[in-house]
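Enquirer: Residue numbers (the working numbering), protein chains in the order written: chain A, 1 to 172; chain B, 1001 to 1172; chain C, 2001 to 2172.
For the record, the hints were derived by calculation from the structure and aren't laboratory data.
A hint or two may mislead.
As the list claims (entries may be wrong) - On the chain B side, residues computed to face chain A include the following (Cβ under 8 angstroms):
1) 1068
2) 1099
3) 1162
Said to hold, decoys possible - Some residues of chain A that are not near chain C, with every Cβ distance over 10 angstroms (derived):
4) 23
5) 40
6) 74
7) 84
8) 87
9) 88
10) 119
11) 125
12) 127
13) 128
14) 149
C-beta: ideal position from N, C-alpha, C; glycine also.
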Amino acid sequence: MYEITLPASPTISAEVAYDVRERIARLMVDCSAAIDNDALEEWPEFFLEKCLYMVISRANYEAGRRAGFIYCDTRDMLIDRVRSLRSANVYQPHLYRHILSGPRILSAQREMVKTETSFAVIRTSLPDGAMTVFSAGRYLDEIFLEGASARFHSRIAVTDSDTIDMLLVIPI
Amino acid sequence: MYEITLPASPTISAEVAYDVRERIARLMVDCSAAIDNDALEEWPEFFLEKCLYMVISRANYEAGRRAGFIYCDTRDMLIDRVRSLRSANVYQPHLYRHILSGPRILSAQREMVKTETSFAVIRTSLPDGAMTVFSAGRYLDEIFLEGASARFHSRIAVTDSDTIDMLLVIPI
Amino acid sequence: MYEITLPASPTISAEVAYDVRERIARLMVDCSAAIDNDALEEWPEFFLEKCLYMVISRANYEAGRRAGFIYCDTRDMLIDRVRSLRSANVYQPHLYRHILSGPRILSAQREMVKTETSFAVIRTSLPDGAMTVFSAGRYLDEIFLEGASARFHSRIAVTDSDTIDMLLVIPI
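Just chain A, with the same shape it has in the complex:
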């Protein structure tokens, strides 16, 4: 199993130069946009080939458990996930909207930056248009900077709630 090396969240986040902060900020909103704009096929591209993507409840995460709602540890698994999601297509149509606070830089060492970012996901059901807060929590990310680009080495979405009110089909 993937070894998670995230530091405990420090009280004061790290100071970084503009070019680092901008790349992090862009990765955050670009990745969310791929999901929200239904460009899911692009979503795995934000991850390194060998990576971790996990969605886990806060209670499980804090108890040291590493079994989440979703667990993928290669980019190919993410691609498979999107493919099966497209072909299955049995769920009630709905849209996601990620609203993110600014990222906190937990540490920045050379090309590896660790961040924590609060999120809320608003889900709109179709065709009735009902909106609900689908999930709230924080991303714990390890981001690898290479040249102008930035990709997730790991992304753990820690949800405040222990339950997901329907089959979790679209990534958070």
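We have chain A already, so just place chains B and C on it with the hints.
Expert: Leaving out everything else, chains B and C in the frame of chain A:
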């Protein structure tokens, strides 16, 4: 009818210098604050004289329809809208609160910057204080930079939901 | 009583250099993270020793009243508040999640920066996991910059709603 020339949303947003990003970020929060702080008379000032302001559902927008909940294509129409809103004043009192993700720069060419920004609007009804997610979606903006200032050439608020649960009286 | 010297919110927020904006942005998310991550003991550290922390409804704030849901004017009062909160512990368990828009710089004079930041707080009840918008509004902050750090001289959380739907035990 105003010709909309927004590019398809690219997977990776553009890299821009700090001064550009800061002007964009300020325009976003300043415009929202004018609405949320009930300084609506200032809101049209964030638009060029010849401009577009449209609120449209995602389904209509993606189907290529350009008829929205609101359609204004001059600043004077925005001013009129605020004026009639102030004089009519027949709606149940409520407050808006815009929460925005960071803007994605879709393209930046000379003084024209195209951006995409996710939003959620929390509405608080008075006097009972009930809060609901009133709208969620994204702004598609064309922003004209002139000196230190930035103004909307066009702002299209694309709402995830097809319905607005009451008469839409205050701009999004 | 503490004298509040916040300026009227200007239409156009101030332009500031990257290092100022970054310190403000970090303070905002670091302070929220201390609350959301249940590191409440660290939360008073974001305030100067002589400071103001107030939570007040928008109606009361705009009417010039200065009596809020919470009123503390020293850091020691904040420390006491956390201590009693830890020992009392009678409330139903729930988690907070702050989602913040970008800060608006209202003014920046030497080491004192005044800002306005919209927030929404999502509360997740445990163990059922129900999520609601607990509070929405804006922070009006006076921030003192000293070297690389930034601390609140005053923080006024102005809530859009007049009511808080339960005993307000955790700071906003």
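Enquirer: If a hint holds in the structure, say so; if it does not, say that too.
Expert: Each hint, compared with the structure:
1. Restraint check, residue 1068 (chain B) versus chain A: the minimum CB separation of about 15 angstroms is more than 8 angstroms; hint violated.
2. Interface hint status for residue 1099 (chain B): upheld, as the beta-carbon distance to the closest one in chain A is roughly 6 angstroms, under 8 angstroms.
3. The closest approach between the C-beta of residue 1162 (chain B) and any C-beta of chain A is roughly 5 angstroms, which is under the 8 angstroms cut-off, so the hint is satisfied.
4. Look at residue 23 (chain A): its CB is around 14 angstroms from the nearest CB on chain C, clear of 10 angstroms, so calling it non-interface holds up.
5. With a closest Cβ-Cβ approach of about 23 angstroms to chain C, residue 40 (chain A) is found to remain outside the 10 angstroms limit, as its non-interface label requires.
6. At roughly 30 angstroms, the least C-beta separation between residue 74 (chain A) and chain C is larger than 10 angstroms, which holds for a residue marked as non-interface.
7. Every CB of chain C is more than 10 angstroms from the CB of residue 84 (chain A) (nearest about 26 angstroms), matching its label as outside the interface.
8. Chain C leaves residue 87 (chain A) outside its interface by the beta-carbon criterion, the shortest separation being 30 angstroms against a cut-off of 10 angstroms.
9. For residue 88 (chain A), the requirement that its beta carbon stay farther than 10 angstroms from each beta carbon of chain C is met, with the minimum near 25 angstroms.
10. For residue 119 (chain A), the condition that its CB be more than 10 angstroms from all CB atoms of chain C is violated, with the nearest at approximately 7 angstroms.
11. Against chain C, the non-interface label of residue 125 (chain A) holds: every CB pair exceeds 10 angstroms, the least being about 15 angstroms.
12. Separation of residue 127 (chain A) from chain C is adequate, the least Cβ-Cβ distance of about 23 angstroms exceeding the 10 angstroms criterion.
13. With a cut of 10 angstroms on Cβ distances, residue 128 (chain A) stays outside the contact zone with chain C, its closest approach being about 19 angstroms.
14. At the 10 angstroms boundary, the C-beta of residue 149 (chain A) stays outside the reach of chain C, the nearest C-beta of that chain being 21 angstroms off.
Of the hints listed earlier, those the structure fails to meet are numbers 1 and 10, in rising order.
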